[in-house]
Amino acid sequence: MKKIARLITLIALPVMLSFFAACNDNGGGTAASGDADRPFAGQTISLGLWPGNDNEEAGMAAAIEEFYELTGITVELRHYHDYQVQLQAELVGGIAPDVFYMEAFLFPSLVETGVLYPLDGFMGSDFDANDFFAPALNAFRHDGGIYGLPKDMSTLGLIYNIDLLAAAGFTPSDIPNNIVDFAAFVEQVHNNSAAGVNAFVSSSELARHLFLLEANGTSVADADGFAVLSQPNQHPTLQLLMDGFHAGIVGRPADLGYGWSGDAMGLGNTVFIIEGNWVIGHLNMNFSELNYGTREIPLIEGANRSMLFTVAYSMNSASNNKEAAWEFINFITGTQGMYTWTDIARVLPTRASVADATGFANDPILAPFVAAGAYATPWQKGETLPIIMREYNNFLPLVIAGEMTIVEAMQQAEEAANRDIDALMR
Amino acid sequence: MTSRRLEAFQGFGFIVPVILVLFVFTVLPLGYAFVLSLMRVNQLAGTYEFVGLANYQLALNDPRVHTALMNTLRYVIIVVPTQTAIALIMAVALNSGIKFQKTFRTVYFLPTLTSSSALTMIFMFLFAVNGPANDLLVGLGFIETPINFVQDVRFALNSIMIMNIWATVPFYMTIYLAALQDVPDTLYEAASLDGANSWQKLTKITIPNVVPVTNFVLLMGIIGCFQVFDQAFIVSAGSGGPANATLTFSLVIYQYAFMVIGTMGYAATLAIILAAIIFVVSIVARKLNREETLY
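Residue numbers (our numbering), protein chains in the order written: chain A, 59 to 484; chain B, 10 to 304.
Since the hints were made in silico from the structure, they are not lab data.
Treat the hints with caution; some may be incorrect.
[Said to hold, decoys possible] Computed spacing ranges between beta-carbons, pair by pair:
1. A/E466 x B/Q236: 31 to 37 Å
2. A/P290 x B/V44: 43 to 49 Å
3. B/L62 x A/F345: 56 to 62 Å
4. B/K108 x A/E466: 54 to 60 Å
5. B/L146 x A/I220: 33 to 39 Å
We put the beta carbon where it would ideally sit given N, CA and C, even for glycine.
So that you can see chain B by itself, here it is in the shape it has in the complex (with noise of 0.2 Å):
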């Protein structure tokens, strides 16, 4: 055996475990749920009826589904970019050499150690019609009467925003932190002795060296806000309640595969539709975003 021939055998060698794991893991279900989303399924009875495409049509003409796409799409529309926003500006904040940096990165990073749904019960506690952030706007008299944040149909979705803007921006900041570190110096230099200010230096120079640490906070913010399902899940306890005021896309599809039983057929369609709107709307988000440097 020549010893190319021994590379490439043990170069194969090598990937065959990682192959096989996706292969069993991301590519059979993927191709399981494909499957799945063409029948009306009962698991459980050992049913599997072929409809067709009959799944999609009936996604298209419901309303519930309808909802649960417009909360989606409007959560992530608010979400995404303030989440961003507030991460990058954060970040700059923390690396401007202020007194006790290292303190604030620690203690800021600290809800993103906890869990969503550890977060999720004390907000609930918090915003509760009796809870400390009613006493507040109350007591300082920007209310009257307390809000039911979490059980209105005005507040449910927007508290769920504010609760996961909140627990994620955190993890972005430490990712612009990271990327901040390899801005350099000279460039700030240079704009300091051009007589640039500080807002010149954070859009002229900043920003632009961080495009593509923005590109993958973008796309993984997309993915993680179109897949948004915990928060709603406790808040409604399952319903997407008030109202479908909380109702988010992964919320149906888990109330059709696992609330019910006999409808993991639908459920498997609305996950194929729902990776389809997300990759779709990330490809668009890396277009919009030209990741070429600028210089």
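The following block holds chain A by itself, in its conformation from the complex (with noise of 0.2 Å):
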């Protein structure tokens, strides 16, 4: 018997070890022995991210320890290396985090779930919600309530090459402000420039053209969420860029042998490219010796567009520890929290005021992609842009190699959006 006995601890040890492990994470909602200053002192928040460069991770730790001593909260990070999928589950498992980053082209599909808690019973009649630049703001708004405070953002803006502008006979301000000219000057350099240099390294995909299909006003998707894309005037400026490609003036990244057009500029391969401001960093860090300026993208049927890419801090429905979770979304998207994130992490701030007390705002090089912030277009529209995007990223380089024209590829790509849109969605 006694041997039965030890044979069963040997089975039953694992097992429960295994349990023991798997029940261990539930960290959050430790007792509070706050004081009137603060509250929530000796609580702990869980906070799902990616991992970002070290910069990134630098600003992230400082902005995480000013707010430790500020409420005597302590936020666990729980890193994402496949965001969208570990999310997901982690939310349908019920073991999200209390907060987490929250991608704008995301946000629809989540918000509809009702996995994110509403912020706007937090703020105060103090709450300024005016200093965040609108774009990025409104894309975390559903239905009448703010469901995310935007971190950070990123826009697209124009860098040029200096040196490789002078050795084809111009100089940064010959550079023309309206896109149809920029598309005849981007051939005049192109005619003027040493062989291997290529004017324009162009990434393409819906990600870089929502704002180019969007300008003279016509939306990729309609109001019931179904594609619209072969309509005539969603198409003039990417006709031009199309054209580019069929004369050999515009190359994509991938076919240049760079896995992105930040290295074709770096190695002095390109006279322009049209990148987020991300693109800087990786620059001033891997080519110090690069000769480059940046300026707003030029006007698109008259106007100032860009694209936006922006992230938010949201709140789990399902966090037990809400008011802690708000104390920190409201600290790091806060004027100070915001300060002190994107003046390490070299990112750019979502508030006009910080984005002048960083000096990001007057930067030379970032001030085009902070202008941007105030018109850019959100990377974002609705919970069936993934299949509109997917159908458009399939299609397009039938187009880009000459076998069809715009609207033949985007009828396909529109009719194959729309029949997956009409069977899985509506």
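Two independent chains are provided; combine them into the complex using the hints.
Right under this line is the structure:
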């Protein structure tokens, strides 16, 4: 009998151990021992995020440290390496963190399901929502409520290689300020440049083209979420770009053997790119010799336009520490927290006042990207955007290869997307 | 307690952990996937609506699923025989006693040790428009203008096939090498005395003797190729493009499961269909390549 008892223990032990291990992550909500100034001191909240570069990691650590000193609340980080898949799985499983990064692109699909907690109830009358760049904050509004506060943003701007421009016989002031003239200018630069130098390198996908397609006011999704891609008034600027591909003036980074446009620019292989401000840190760190400049994208259909990529802090509806979670969101997206975060991480603040305080708004390289925050088109369009994006990216290469016209390809993309949307999402 | 019962009890005791693990991580998910496949699901919102076989009906009439199935079938039909044949030939060559065969074995095995996503990135660089592969082809005069292998509808899937064959051949080669050690030398000696040449030895002795291993290699190849995903995902950034040229069955499943929220039921349906297809094809392959020894 003794033998059997020993055997059972042997079997049961690993099972029990794994059970304890599984239960162990329930660390949130430790008893509060706060005082009047710091009512939530001693509490712990969890924060789900993806790992950043060295600057971003340092910025996050500094902001969390400041937050702890101010409130006594500990922030536990949970890093996602496959953000969308992991966050979904954790939300379904009921183990998602109290606060997590919320990509604007993913936001419409998630907010519909009720997993995000509205923040309006926490905002006092002194909450200054107008300090945020409107497109960034509006990306996280739903049915009149705010479900996330944007932590920072990225916008697209025009980046040019001053030396290559000079080699082609031009100066930065020669760059025209509307897209039609700019296309002609790029062709001139191409003709004047040495062999092996590309005039323009462009990643071609919907995330970079949404603002071109919508420049005349036609959205890529109708009120019911169905794709609208083949309307002629969506295509004038896209046509210019495609003409550039067909004439051999524009190239995609992958075709040229680069991981992305930033490397093509850094290695002095291209005169122009339209990229996000994330390229600036890359150029400064890896290609410090590069002589480059930036400016806003030339006017499209008579107005300043750009893309806006933004991420918010959102609160988990199932969180047990909503008060403490709000303290954190309010701090890190407030003037002090956002200053610490953006100043060290070198990312663009979503508050105009912080953009002034960090000096980014007046920095000659960063200012064009900050300015775009006021007018850029957010990378977001309802819950059907993943399908619309998939089919756009699926069919656009045929246009680039010259095998179809834009309208032909976009009719197919539209049809494929709408068949899917109709069958599965309506 | 009798010693017999004790023994039986111990036996069950030993298999309980494995059974538990299999049940929790294989049987349960399989059953859950099947249940999901009969539903319209938004797991985040917690809505589970039973729709019967509607998802299956949808899949049968979905042109994207048809395209994915054709792409995947083409992929299997080309890749599986090719990689099996090359693996066998290389194993025979490396078993023939040539100089440095151990070095060759090691070098050939390297691609298998590398992650397939890293290999895909390297291949995309090699086959870029101004990459080394095009430089070579243009330099040697085979083609006049560089080919956009990865982004051209005609070449995209073929590029992935080459990539996959290159990466998996060494693994199967190693398995064949092990199998070749078991083929008795006496058979080759007898054949030599009878005046057989090396081609006859290969076809009459080596190949029949490694049939069970060939079965294993074919089976693994079929399963792996039907599930091809990462190369297609990286090359097309998840879209399956250009124009569905790299849309594979697993990629379609991923798109519905993780790229769009609220279509998990349909993704589960497709996964069940893929499992059924792989099951049937594997059975057929096994029947065609009979395992009984020929002597």
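The hints, checked one at a time:
Between A/E466 and B/Q236 the CB atoms are about 33 Å apart, so this pair conforms to the stated range of 31 to 37 Å. Checked against the given bound of 43 to 49 Å, the beta carbons of A/P290 and B/V44, roughly 47 Å apart, stay inside it. As the Cβ distance of B/L62 to A/F345 is approximately 58 Å, the hint placing it in 56 to 62 Å holds. At roughly 59 Å, the beta carbons of B/K108 and A/E466 sit within the given window of 54 to 60 Å.
Taking the beta carbon of each, B/L146 and A/I220 are about 36 Å apart, inside 33 to 39 Å as hinted.
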